[in-house]
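Number of protein chains: 2
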Amino acid sequence: MSQDKTKEVATPALGRRKFLNTAAIASLGTLVACNEKPGSAAASASPASAAGHAASSASHLKPGELDTYYGLWSGGHTGDMRVLGLPSGREIHRIPCFVPDALVGWGVTNESKKIMGTKADGSLKYTVADSHHTHASYKDGNYDGRYAWINDKINSRIARIRLDYFVCDKITQLPNVQGFHGIFPDKRDPVDEKINYTTRVFCGGEFAIPMPNTGSEDSSKYRSMFSCVDAETMEVRWQVLIDGNCDLVATSYDGKLAATNQYNTEMGAHYEDMMSAERDACLFYNVARIEAAVKAGKFKTIGDSKVPVVDGTREANKDPKTALTAYVSVPKNPHGVNASPDGKYFICAGKLSPTGTVIDLSKVLDWFDGKSEKLDAAIVAEVELGLGPLHTAFDGRGNAYTTLFLDSQVVKWNVEAAIKFHAGDKNAKYVVDRLDVQYQPGHLNASQSETKAADGKYLAVGCKFSKDRFLPVGPLHPENEQMIDISGDKMILMADHPVRGEPHDFIIFKRDLVRPKQVYDLNDFPNAIKDPKESGVVRNGKKVTVKMTSQAPAFSLREFTVKKGDEVTLILTNLDKIEDLTHGFAIPNHNVNFIVNPQETASVTFIAGNPGVYWCYCTHFCHALHLEMRTRMIVEA
Amino acid sequence: MSQDKTKEVATPALGRRKFLNTAAIASLGTLVACNEKPGSAAASASPASAAGHAASSASHLKPGELDTYYGLWSGGHTGDMRVLGLPSGREIHRIPCFVPDALVGWGVTNESKKIMGTKADGSLKYTVADSHHTHASYKDGNYDGRYAWINDKINSRIARIRLDYFVCDKITQLPNVQGFHGIFPDKRDPVDEKINYTTRVFCGGEFAIPMPNTGSEDSSKYRSMFSCVDAETMEVRWQVLIDGNCDLVATSYDGKLAATNQYNTEMGAHYEDMMSAERDACLFYNVARIEAAVKAGKFKTIGDSKVPVVDGTREANKDPKTALTAYVSVPKNPHGVNASPDGKYFICAGKLSPTGTVIDLSKVLDWFDGKSEKLDAAIVAEVELGLGPLHTAFDGRGNAYTTLFLDSQVVKWNVEAAIKFHAGDKNAKYVVDRLDVQYQPGHLNASQSETKAADGKYLAVGCKFSKDRFLPVGPLHPENEQMIDISGDKMILMADHPVRGEPHDFIIFKRDLVRPKQVYDLNDFPNAIKDPKESGVVRNGKKVTVKMTSQAPAFSLREFTVKKGDEVTLILTNLDKIEDLTHGFAIPNHNVNFIVNPQETASVTFIAGNPGVYWCYCTHFCHALHLEMRTRMIVEA
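Same order as they appear, the protein sequences are chains A and B. Residue numbers in the first sequence follow numbering that gives the first Met the number 0, run continuously in steps of one, and reach 636 at the last position. Residue numbers in the second sequence follow numbering that gives the first Met the number 0, run continuously in steps of one, and reach 636 at the last position.
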């Protein structure tokens, strides 16, 4: 590997720090200036020891070996959710949700179009998306394998994924929200202790807009919106009007608090205005009080939306006794808020400040309860971590791991030591280890990190730039998902994995927390053709229904005849019962292709084209006679 | 790994052979009966030796190590081309071509829509595809790194990929073709020896249809079509009307011959008719004679197409002295035809016959030249390999590797030994090794296999069923791309890789054969905004042009104003020059998102929606102030 000609040609000799200086912080003089803290930028070399080699090969599974953890990854502006196996880092599945998927026929079948949403003419409302964050439903502080949710930032949509079949079953568009960013399910009800599982999903609105959106140019009057979606019905329960731009969302283990880290509390419209103030906020929501206010009718509605909106702006919530929200101050333009697995703290990363801020949740509740006069007394630590801190994960042993975007590092630090240091014990060494990553890390997450069962085994880091880490493939680079062993004192880099842009957040959990089903139940589909004898063509004026079944290596109809201009609805049930025996169905020149998994039913509706013979064929390899598995559509004049 | 609860729950205890009997050959009594050859079905266990472990970990690269081979993979009905690194098996890139891609904005930008093709209303003509085969341009018998091509079976399209930028630049739809399947570039000109590189791409039409496609039900009159596409212009040069259904295509190293393996020479419309005859054909095309006939005007045209069509049916080509085509007989429903790297042979796999047929190209040329009376004398071997042989790869050391779909094996066999055996030497042991694969392999290919530089290092096998090899992810299983070390006498399984359905064919070549460019040239884009000062809004009635540039962390326009109902064309040039510094551009609720790589220009056209403020934002992580990188579109009433 040392005689690496391709690498030499493709990547001119830019040193690591040179790259940092040119790419990541280009034209950001002010930021660099305000962050010049020499000590915190010093990198320790990553270990190239025998232990490192052992850990590295541990991510390689022998043929047939199964991964021990699942990872759910957001797909970024690819618009999907991805399922990875860990520690191998292999992508096992992509779950289409917001955007069409040609393999599945997502956006082609009537069933998927109904979930995605269509315009009056039947075409898809949206074919682009930008999914950032994915989180799963909880019970007793751990994942319960029911659902995961994922956001679309561009069009303010939230999708739900069923974790039995690994499919998207519902999508909701949030009203009065632009740039829906962070997402987090609650972990229990704030009032009813029996409800020790997820019933709400909180959604942070990033972009501030006029409410209602009239198009006014005066950005000082813009506001953003925090939304609560019902986990079961997927309807929006209520919204909170707020100051600043939401980035991430976190929820407490007792169900009482949610929080968003807010940048641009300045309400600026240009980036230099957005970073003008020295401190922004970690904004806490008192869930029980908000729901009581809604119940008491203390809300308004905005525009066409019927969703109750309460006032959570700073100005309207100065009195702790009645406040619905609380704005804890954190350094400028924070990025990421994460809940520690012991349930005690939320941690905000500084982004434009080199710090991590530790907020004690009991002290935030004290403020709401009138037991604490100063809200910022809830800040129990604010310590230097390095340049560009973004997100934080946990190992369940008291340590936090924070990505440093500008330093291209992960820093491991001890939370209690940081609290001691902040309290005045300057001998408290809170930084435990640093590891260079390649390059510019955004999100990171550790195995089971955001649960009470955080196990401190693996850490994945989503590096936004991969630069010279993979064979060159033209101008669009993959990102570099790096796997790190965090089971010991020192972090050990295990493997680089190229990923198609642009995963943001992800969760990693033990494989026994989900119980996937690999064959559908025929009864789940009201329009299933349960017997090949039910196959046939039914005409009702220009509307034609074609009923068909598939059983390798044949479709139940050998041929079927329709007329040019007919509106044809074709219903296909896969009667094969064997796991992995999926069939496809394509019609040439009619823009139809979709799959039916074992015991699944799907349907498509299309207009029959010009007269001719059209060979419809199975597109999903099924059998030795797969190529011969066809039916003829004969279109008459 | 032995206490694998998930595995136990998800996959009931089906033995390997039980699975074969239920899934792959379900309801195929006739096939099993006609293939009962006990000896050829016997599997030798795969080695679990120390050598096996060493080879296995060789596919794991340490962090930062680069792969030594590129792989170009078809994406199946995902509709894309994929770029893998070998031996790691990591997917580095997906190249959108036939179907939209939300990450890139393929199908969203005006530039990509022009390549993909649109309907009169500006919407995409097709959003589904089924890509099976990909091959790259040749020079002197090896890849030259200019182009790769890939087929869309559903809509009979061929796409060209530029291997400098790894992007699709042209797509052509073939006339008179349904089910365009195999594809192969020529390796030199049959007449002009100076043209020792690819100038033609041959395309096999699979489905036989009425010519022209009137919709007649009488399948005995259906025919299929073999097409020649110009490698540079991507226009169809000529077509050949033929008998049978084309599967794969192969081309000779001297440029004189192309061939397709034909099943269903019976011209049946139902699968039992398609497999009724005992032998089908490997159909050879005399390229020079066909082009001479076209030049001499000996062709017709069909329907609206202007492409010259010559008659290549069996009936019209009985006289070797004038024949344009030659139908060498091969056992029933052959699958796959592959050219040996020594330039001597084409090998057809039997599919429904347990055999491989070796055809000597010099003897086919002898027949065309009148030197051989019996065309089938060109068959120099027809030997038993195992159940369900599909495709063949080569190691450059005289050995062939054939997938056995029903046996779930790869068989390694020596071609010259097979020829000796066929000639009567029953002591010639042509089977060298067998390896179980998991499960039901379709295509396989070896490093550099289809070039004169075949190096016999790695073999990849596309297994159509993965079943229990990965964590369960619901009913849709990934496929299993297995990596095999073929450098020694025995094949050694290195790794399992899950891949999203449904790759078919692929090629593997040394990394120094391509020289990718990672930054675009501003001058390649006629509409580039070369200076931020050129930014602005130009109105022409209801048509509005918005010109903008991106340079992290800002767009050149802070805001821009349009009116409801305007047809807005937005042109964006990324002026950042640093490798990997891609920006995105999304407009909420307008279904717009696309990326601009360093020095790239792209444009979108959309209708401005309801009055309001729309925050357009960068969707591709670029900078510490990425979240703040926005511009406001203000839509007035």
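Take these hints with a grain of salt, some might be off.
Which copy is meant is left open, so a pair is good if it fits within one copy or across any two.
Unchecked claim - Below are the BS3-like pairs computed for lysine-lysine, each with C-alpha atoms no more than 30 Å apart in a straight line: (1) K320 - K373; (2) K220 - K563; (3) K305 - K362; (4) K529 - K370; (5) K542 - K456; (6) K362 - K425; (7) K489 - K343.
No lab work stands behind these hints, which were simulated from the structure alone.
Okay, the hints, checked on the actual structure:
{"no.": "1", "hint": "K320 - K373", "in the structure": "within (13 Å within a copy, 100 Å between copies)"}
{"no.": "2", "hint": "K220 - K563", "in the structure": "between (56 Å within a copy, 23 Å between copies)"}
{"no.": "3", "hint": "K305 - K362", "in the structure": "neither (35 Å within a copy, 80 Å between copies)"}
{"no.": "4", "hint": "K529 - K370", "in the structure": "neither (65 Å within a copy, 61 Å between copies)"}
{"no.": "5", "hint": "K542 - K456", "in the structure": "neither (58 Å within a copy, 57 Å between copies)"}
{"no.": "6", "hint": "K362 - K425", "in the structure": "within (24 Å within a copy, 88 Å between copies)"}
{"no.": "7", "hint": "K489 - K343", "in the structure": "within (25 Å within a copy, 58 Å between copies)"}
Checked against the numbered hints above, the structure breaks hints 3, 4, 5 and satisfies the rest.
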